[in-house]
Every structure is written in structure tokens, then in C-alpha cells.
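Chemist: For the sequence shown, the numbering used here begins at 1 and goes up steadily by one.
Simulated from the structure, these hints should not be mistaken for laboratory data. Here a beta-carbon is modelled for each residue, glycine too, at the ideal position from N, C-alpha and C. Hints may contain errors.
Mimicking DSS-like on lysine-lysine, the simulated pairs with C-alpha atoms at most 30 angstroms apart in a straight line are [unchecked claim]:
1) 85 <-> 24
2) 69 <-> 119
3) 115 <-> 24
4) 120 <-> 69
5) 123 <-> 154
6) 119 <-> 95
7) 154 <-> 187
8) 119 <-> 154
9) 124 <-> 88
10) 133 <-> 85
11) 95 <-> 123
12) 133 <-> 175
13) 88 <-> 123
14) 69 <-> 85
15) 119 <-> 187
16) 115 <-> 69
17) 115 <-> 85
18) 154 <-> 69
19) 88 <-> 130
20) 133 <-> 123
21) 95 <-> 154
22) 133 <-> 24
23) 69 <-> 130
Derived Cβ-Cβ restraints for the label pairs, each shown as a range [stated by the list, open to error]:
24) 211 <-> 52: 37 to 47 angstroms
25) 90 <-> 7: 20 to 30 angstroms
26) 239 <-> 215: 23 to 33 angstroms
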Amino acid sequence: MQRYFLQSEFNDRQQANITGEDGKHILRVMRMTVGDELIAVSGGEAYISTITDLLEDGVVIQSQASSLKSNEMPVRVTIACGLPKGDKLDLIVQKGTELGMEGILPFEAERSIVKWDAKKGDKKVERLRKIAKEAAEQCHRTIIPDVASPASFKQLIAQSGNYDVLLFADEEDAKSGNPNRIAERLKQVNSGQTVLTVFGPEGGLSRSEAELLRSAGFLPIALGPRILRTETAPLYLLSAMSYEFE
1 MQRYFLQSEF NDRQQANITG EDGKHILRVM RMTVGDELIA VSGGEAYIST ITDLLEDGVV
61 IQSQASSLKS NEMPVRVTIA CGLPKGDKLD LIVQKGTELG MEGILPFEAE RSIVKWDAKK
121 GDKKVERLRK IAKEAAEQCH RTIIPDVASP ASFKQLIAQS GNYDVLLFAD EEDAKSGNPN
181 RIAERLKQVN SGQTVLTVFG PEGGLSRSEA ELLRSAGFLP IALGPRILRT ETAPLYLLSA
241 MSYEFE
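Full structure from sequences and hints, please.
Modeler: Okay, here's the thing in C-alpha cells:
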């Protein structure tokens, strides 16, 4: 059943309008009509809803009384990734959404080859948010992961105080004789906690960045003996967390 995120909540009669791009999709792509059902998501809850009326650019829906079971990850994970090249950020946002991340925070790392263009940045962020929305609908999420505008490394450190658990993927730790294995780190994470995990861009985090993260309370984690690409490492972590908590 097709899923849509509402721009506004249901009214007192449990009715809502779906207009804009989603409304056009319902009418012109799905060719739905009065009496057809869809899943509408509002306020983090999903409801089977019936189309009761057609509008010029959308539909009116009526929801059922009870919400559907949530399939959100018990741990709220935000991925902080050094700005990568090409369309790798698109991939991380799309697949990270499918794997349950709550948000993504790109940041400008020392070894980031890409430099963020502030003039074009808003359009890029909007595109990433659209990717997150479409992926959330496809995999039946009840929230759309937050896509933040890129931050500086200093801003990343400043925002870390908003999270319960702080981790960073450390290539040097993985190479050491006694790596901090991800399985051991996750045993110290509890359901309901917020987790911020930092990943470097191509070339990884610099040693000065790693030391600053340690000083700010971040714990290093090793993602196995192989060196993972910058777009693979966050997905590895999310998969491991899904295995551990779901």
C-alpha cells in the first residue's frame, strides 16, 4: 500500500488533505480515486486511510482510528559524514534511511576534497531531503530522517552535546593489536538512546581530528579488518545496529 507523509496533521474528524507533488502522484501516477486506501503518516504515526473526495490538485482522506505498528529502530542514530565526492552523499542518505538512521549531518573535514558551495547548497540539501522522504516512504518509515546543512568540524563538536552516545570510526584503531570492536561498543548502548557516529571522507579522518573527537568524549570503533569506502562505512554501522537491536 502506498505511503505518504502529511504536511499537516489530521483534524479533529481525522481528516486531512494531500496536495502538491504527493497529491499529483496519487491522482496522475497511482490513478487512485474515492474509496481507495493508502497509508498516511502524521506526527510519527502511520494510519490506513481512505480517499473520501478528490481535489483539483490532490485528495481528502479519512484515517482509521488506530495507528499501525512502528518499525523505527529502537536506537536513534545520526550519521555525521565528512563531505564525500560525487553523488556518494545521495547514496548514504537513501540507504541510510532504509537502514533506520534518524538523521545525517555532513561536515567539512580536513581531507574533504569537495568544498561546499553555499550559493548552491540550499538546492543540494533540498534534493537530499527529497531523497530521504522518498526512501522513507518506500521502506515504510514513520519519520523522515533529518538532513542537516553541512557544518564545520567545530560546529560538529559543539552539537555533540545533544547526544547520549558519541562514536567515531577510526581506521588506525582498526589496525591496532587491540581494536575497539563494534560489537563490544554496542553492548554499552541502550534502547531509546541517541547516538552520533562520525565517519571521515575519502582518506579518512586526520589524526588531529581523531584526537579532538577523543577529547570531546567520542569513543573510537573499528569496523572490521578491511578498509571500507566512505559511503560503505555508515551502512555497515547501521546494519550492525539493526542486527543488535532489531
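Chemist: Look at each hint and say if it fits the structure.
Modeler: Going down the list of hints, with the structure as the test:
The straight-line distance between the Cα atoms of residue 85 and residue 24 is roughly 34 angstroms, outside the 30 angstroms bound, and the hint therefore fails. For the proposed pair residue 69 and residue 119, the alpha carbon gap of about 41 angstroms is over 30 angstroms, so the pair is violated. Straight-line distance between C-alpha atoms of residue 115 and residue 24 comes to about 36 angstroms, which puts the hinted pair past the 30 angstroms bound. Of the pairs offered as hints, the one joining residue 120 and residue 69 is violated, with about 39 angstroms between alpha carbons and a cut-off of 30 angstroms exceeded.
Distance check on the hinted pair: residue 123 and residue 154 sit about 24 angstroms apart at the alpha-carbon level, within 30 angstroms; holds. Using a Cα cut-off of 30 angstroms, the hinted pair residue 119 and residue 95 holds, with the two alpha carbons roughly 27 angstroms apart. Our distance criterion of 30 angstroms between C-alpha atoms is met by residue 154 and residue 187, whose separation comes to about 29 angstroms. Taken as a hint, the residue 119 and residue 154 pair is honoured in the structure, with Cα atoms around 21 angstroms apart against an allowance of 30 angstroms.
Taken as a hint, the residue 124 and residue 88 pair is honoured in the structure, with Cα atoms around 13 angstroms apart against an allowance of 30 angstroms. Only pairs whose Cα atoms come within 30 angstroms are accepted, and residue 133 paired with residue 85 is accepted, the gap being roughly 22 angstroms. Restraint check for residue 95 and residue 123: the C-alpha separation of about 20 angstroms stays at or below 30 angstroms, so the hint holds. Proposed proximity of residue 133 and residue 175 is contradicted: the alpha carbons are some 37 angstroms apart, above 30 angstroms.
Of the pairs offered as hints, the one joining residue 88 and residue 123 holds, with about 16 angstroms between alpha carbons and a cut-off of 30 angstroms not exceeded. Between residue 69 and residue 85 the alpha-carbon distance is near 38 angstroms, which puts this suggested pair outside the 30 angstroms criterion. Between the alpha carbons of residue 119 and residue 187 the distance comes to roughly 43 angstroms, so the proposed pair goes past 30 angstroms and is violated. For the given pair, residue 115 sits about 42 angstroms from residue 69 by alpha-carbon distance, which is inconsistent with the 30 angstroms threshold.
Distance hint between residue 115 and residue 85 is fulfilled; the C-alpha atoms sit about 9 angstroms from each other, no more than 30 angstroms. With a CA separation close to 39 angstroms, the supplied pair residue 154 and residue 69 exceeds the 30 angstroms bound. A threshold of 30 angstroms between alpha carbons decides the hint, and for residue 88 with residue 130 the separation of about 15 angstroms falls inside it, so the pair holds. Taking the CA atoms of residue 133 and residue 123, the gap is near 15 angstroms; set against the 30 angstroms cutoff, the hint holds.
Among the hinted pairs, residue 95 with residue 154 is consistent with the structure: their alpha-carbon atoms are about 27 angstroms apart, no more than 30 angstroms. Between residue 133 and residue 24, the direct Cα distance comes to roughly 16 angstroms. Compliance with the 30 angstroms bound is thereby established for this hinted pair. Distance restraint check for residue 69 and residue 130: the Cα-Cα separation of roughly 24 angstroms lies within the 30 angstroms cut-off, and the hinted pair is therefore satisfied. The hinted range of 37 to 47 angstroms is not satisfied by residue 211 and residue 52, whose Cβ atoms lie roughly 60 angstroms apart.
With their beta carbons about 23 angstroms apart, residue 90 and residue 7 fall inside the hinted range of 20 to 30 angstroms. A beta carbon spacing of about 29 angstroms between residue 239 and residue 215 agrees with the range 23 to 33 angstroms that was offered as a hint.
The earlier numbered hints that this structure contradicts are 1, 2, 3, 4, 12, 14, 15, 16, 18, 24.
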